[in-house]
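In order, the protein sequences belong to chains A and B.
Under our numbering, think of the first position of the first sequence as 1, with each following residue one higher.
Under our numbering, think of the first position of the second sequence as 1, with each following residue one higher.
These aren't lab readings, by the way, just hints derived from the structure by calculation.
Among the clues, some could well be false.
Here are the simulated DSS-like cross-link-like pairs (lysine-lysine), alpha carbons at most 30 Å apart as the crow flies [unchecked claim]: (1) A:Lys126 / B:Lys102; (2) B:Lys94 / A:Lys159; (3) A:Lys112 / B:Lys84; (4) A:Lys159 / B:Lys4; (5) B:Lys74 / A:Lys112; (6) B:Lys74 / A:Lys159.
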Amino acid sequence: MDRRDFMKMTGGTILAVSSGTYAFQFLVASGRSVSGDNIAAGTVRWGMVIDLNKCIEGCTACLDACRTENNVAFHGDNRWDVHWIRKVKAEQKIGTESKEKSILLLCNHCDKPPCAQVCPVQATYKRNDGIVIVDHHRCIGCRYCMIACPYNARYFNMKDSEHWQNEERPKRSHGVAEACTLCAHRLDTGRQPACVEACNNTGAGVLFVGNLNDSDSEVSQLIADRPTKRLREELGTEPKVHYIGL
Amino acid sequence: MNIKNIIQCRIGFFAALLAIIIIIYPLGYSLTDYAIANDRAEAQPFLERTAPEITDCVEDTIYMRYHHWELLGKIREEIVRYGKRGDVSLDTCKKCHTSRVKFCNKCHDAISMTPDCFGCHYYP
Ligand code: SF4
């Protein structure tokens, strides 16, 4: 055997053994594969309609339902409380008259979400069905999304929440940003979001969630029939929460 | 060929052989690892079955023992990133391995690693 053959054989052996080992590992370890989306892009586009005229003064059914369903942190202290949906008082001045109105604010699940654009680790992203969601496993807590969001919809978990009201659903640990997920886990399994259910149970029927791409859905009908407004439309974020009577 | 040349040739040969062994050893080790690990695990039956009526897992025992984090990672990706809520999730584990203290923590404590799962996911 000359030197050249020897080198060839050595290289060949190393290549064969290493690739074989690699292939074996791969065969053993690849039980499942991740591929493709659940929903093809463009078929479903979840959106919300809020009929503020029907909203009951002082009612907190939807807020409470959201807290219990999603284990949203509540410490009883404004500095650390997280709100996925909140009720704010807005004052509207028309001429000399001013009238107060309470508005429900939540993540608008923008079609062009600034929060997802600024996320450096792509933890915040828009699903194919239009829901903007945070992958808390990936979130590094940089809080860019909170700055980017023009609706102040994002909150940061300043500390671990102690309450675990709904054991089926995860809570968040300290150090991740979060916002409303439109109860994606419920929509995926064909149920309505917790706030919608709670609101309907009180009989008010303020909140509607449905497919904006389907022209026969309740939300599309409402948007077509009634005058609706969206918050800060001029920014071009294309929010998907439509308000009646804003 | 005189004696000096022969010795030099031998040294070169053994050096090359040693190099090959050193290179191949860790690769080959991962092959035999499964067999060795199997014996080792049988010697230490420290996992407690809390629901013995269910006998099959989503994957076989050896796979689960050495790759369950990969499986959980894949399921997590499917659910969180793609919205595919299949029949397997962390809740499926709970059906048999009802207690984290009696099951998960045993190994995790032994190798002193703290997975982040349970800060957010409820597992008693
Ligand atoms: S409302 Fe804010 S958090 Fe929600 S998608 Fe738009 S920018 Fe992101």
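Quick one: which hint numbers does this structure break? Sort them smallest to largest.
Hints 1, 4 are the ones this structure does not satisfy, whereas the remaining hints hold.
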